[in-house]
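Student: Can you make the complete structure from the sequences, with help from the hints?
Counting in full-length UniProt numbering, the sequence shown runs from 1 upward without gaps.
Just so you know, these hints were derived from the structure itself, not from any lab. Ideal Cβ positions, reconstructed from N, Cα and C, are used throughout, including at glycine. Certain hints may be false.
[As the list claims (entries may be wrong)] Label pairs and their in silico Cβ distance ranges:
1) Tyr-36 x Glu-59: 13 to 23 Å
2) Cys-81 x Ala-33: 36 to 46 Å
3) Glu-59 x Thr-133: 17 to 27 Å
4) Lys-150 x Glu-109: 30 to 40 Å
5) Gly-66 x Asp-110: 32 to 42 Å
6) Pro-108 x Asn-87: 14 to 24 Å
7) Thr-146 x Arg-86: 13 to 23 Å
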Amino acid sequence: MAPSIGFRRAGFAAVAVASVFLFTACAASGSPAEHYPGLPVSEHEEEGGHEEPENEEGEPVAAWVGQGAQLAVTIWGSSSCPQVGRNIRVVEPAGEGNTVAIDLVERPEDEVCTMDFAPHTTVFWTPVDVTTTEPLKVQVADSTVTVPVK
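Tutor: Right under this line is the structure:
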C-alpha cells in the first residue's frame, strides 16, 4: 500500500503545480485586452442613446467599460499610425492616489503617416490595485486624464 500513497501524493502535487500555472496564465498581465480604430461604445449607446466625448483639443480620453472591469483609453492621431497602448501599470494604488500609467507602443521615427486626426481606442483590464469607487488618474501621452467614480 505504501507505493499507492506515494503515487497519490505525487498526483496531488502535480495538480497543485498545474493549478498555479493555470491561474497565473489567466491573471491580467497589463497588456491590452483589445484595440481598435474609433471611439469606445458607451453603455448609453448600447441602450439606444449616443454619447460623443467633448474633445476639441484632441486630448486623450479614458472611461470605464463593463461596470469598471475594463478601462478604455482613446488617443487622437494619425489613422495610419495610431498611438496604441502597450501596457497599463499602477503608479499609486487605491487609497494612495488611484493612478495608472499607460505605456504606448513605440513607432519608428521615420514612419510615413497620414496627416488626418482620428481616434484610436485601447481597452485594458482594470488592474486589481485600483478601484472604481475613487476617481482614477490615467497618465498617457504626456497628459493626465481623470476618470470619474463609476
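Student: Evaluate each hint against the coordinates.
Tutor: Results for each hint:
no. : hint                          : verdict
1   : Tyr-36 x Glu-59: 13 to 23 Å   : holds, 20 Å
2   : Cys-81 x Ala-33: 36 to 46 Å   : violated, 22 Å
3   : Glu-59 x Thr-133: 17 to 27 Å  : holds, 25 Å
4   : Lys-150 x Glu-109: 30 to 40 Å : holds, 38 Å
5   : Gly-66 x Asp-110: 32 to 42 Å  : holds, 38 Å
6   : Pro-108 x Asn-87: 14 to 24 Å  : holds, 19 Å
7   : Thr-146 x Arg-86: 13 to 23 Å  : holds, 22 Å
Checked against the numbered hints above, the structure violates only hint 2.
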